[in-house]
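**Student:** Now for the letters of each chain:
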Amino acid sequence: MKEQVFIYSHSFQSYKFHQEHPFNQLRVELTYDLLKSMNILSDEEIVSPRLATDDELALIHDRKYIDAVKRASEGKLSEEEAYNFGLGTEDTPIFPNMHEASSLLVGGTLTAVDYVMSNKALHALNLGGGLHHGFKGKASGFCIYNDSAVAIKYIQKKYDARVLYVDTDAHHGDGVQWAFYDDPTVCTLSIHETGRYLFPGTGNVTERGHGKGYGYSFNIPIDAFTEDESFLNIYRKSLQEIAEFFQPDVIITQNGADAHFLDPLTHLCSTIKIYEEIPKIAHEIAHTYCEGRWIAVGGGGYDIWRIVPRAWAHIWLTMKQHTPKGSLPQQWLEKWQPKSPVKLIPNWEDPIPLYEPIPRKKEIEEKNDMTLQKALHIIRENRPFNNHNQATESS
Amino acid sequence: MIIEKIMKKEVVTLTHKDTIATAIKTMRHHGIRHIPIISNNNELIGIVSDRDLREASPSTLVLEQKEHSLFKKPIKDIMTTDVITVHPLDFVEDAASIFFEHRISCLPVMRGQKLVGIVTEADVLYTYVQLTGADQPSSRIEVRVPNRSGMLSEVSALFHEKHVNISSVFVYPDLDDHYKILVFRVQTMNPMNVVETIKNRGYEILWPHQLENRK
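So the protein lines, in turn, are chains A and B.
What the first sequence shows, in this note's numbering, is residues 1 to 395, in sequence order.
What the second sequence shows, in this note's numbering, is residues 1001 to 1215, in sequence order.
Read the hints as simulated data drawn from the structure, not as lab findings.
Take the hints with a grain of salt, since some may be wrong.
What the hints assert, rightly or not - When the alpha-carbon atoms are kept at most 25 Å apart in a straight line, the in silico SDA-like pairs for lysine to any residue are as follows:
id, chain 1, residue 1, chain 2, residue 2
1, A, 362, B, 1208
2, B, 1162, A, 94
3, A, 361, B, 1208
4, A, 157, A, 210
Isolated chain A (complex conformation) (with noise of 0.2 Å):
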């Protein structure tokens, strides 16, 4: 058995929506190119992703919506049709061969699922992944089909595991929540910036599964200018605690870098740090829980020069137990800075300081904190998980 696999190929560009669009996998080869001039990532520990297939990503969609997806790969979906399926957006513009662009990046988790599940590699990590808006039905916020979820469904179909999805995005993983909101044998957590601002909205700490599986959905939203400290708490108390609770057999990160500070989309006021210690975490948890079963994937992370490539290039590192310090390969930064629209970061450490203080800082924490204590009441309380639904009181 291996101890980890790359899940790696250059078509991954092919999920290109447009030259301007911020989600941008050109971030993928950026961290391959920055594994590979370490001399860390060797040809055998990489592997092709497959595509998925369509009864694959039925798990999941909609065979309505997986077609409107194919028609429009060729262009052929009306625009009126195309937007019910939240095609041919702002957010998803619809792209040439889109249906196999996207079933790459699915097909890629599953490649990464039997390598673990099948005890081929200890851990395994698929940077094109990571999609968690993608809906049964819909696209949504950059992403068209949802990897992660048709992953989850597919390990509990093939290996008949329990799964805790873990999703420290800075945007809500919202597509993966509502999938298995109902279902007991799959627990999501999700750290976020508060969607009183930032899409989707949700994500809310009251949002904790429905039927059967109430108790097994987590959110804690941060707010605005949260800094690593607090990050950082709140990731590894919550994890720890939800991770003995659940008792999982297989961990899925979803490794979303655009809480750092200089992410256009998102305000939260992270720097490096937390993406150097939230792999480390995961990893320690895999290891005390599912005898190291790890698939990590991708997702968010808009400052694809300065940030995304430190970032995911500290997930593999983790796995190869390797923490690096000081200076960035010379070689990379000399290949990439001519074409990088600003100056690249040198180092793995972020420029001190990288902001100025922020005057909320300790309300910020106290108000995070507290949201951590209700997420993690139900289980800290140690009851049995009444089915009481305050939503639906009627007259």
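We have chain A; now place chain B onto it with these hints.
**Tutor:** Only chain B this time, still in chain A's reference frame:
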């Protein structure tokens, strides 16, 4: 939005001859907190709430046998008879202000003398949640504009220009009454494009708030 669109049409009712015990059981069974009381010819003559029942119930500290006879009393002894009602064509905001003014949480909906539905505080609140657009994937943008005609139209035209669909719009008063705050929830994960456009036309963006050095 009118009441007819949000009211529940299947109403659980009792008659004035039913007992307090029946009312308690009915509420538990249906998970409800209010029961309209109707006469033989289907006219509304009163309403009981869970609070009326709690007040009428003997204390759990007093468990003497004779107290239990209270449960056998008819509802008409404890029901509220001057019931506040609404019409199906009333606006949802009317129901909201009635709830607020009278400190009640349920309104029978009447067409003439006939009970045709019921609407609760939770129904109205849910309508407001939908109104804010907060139940659909969206981003929030706040713009401060001078308090004069045409501003909403000018700013919302910029969303159209950028092909961004608006889920909801609110107009809030500003502390300074020469200004208003426009709050848009828009169907996009990347509001930065349209935010730039709004800024370039000289409007003040309150959110998204950019920190120094971010760019």
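**Student:** Going through the earlier hints one by one, which of them does the structure break, listed in rising order?
**Tutor:** none
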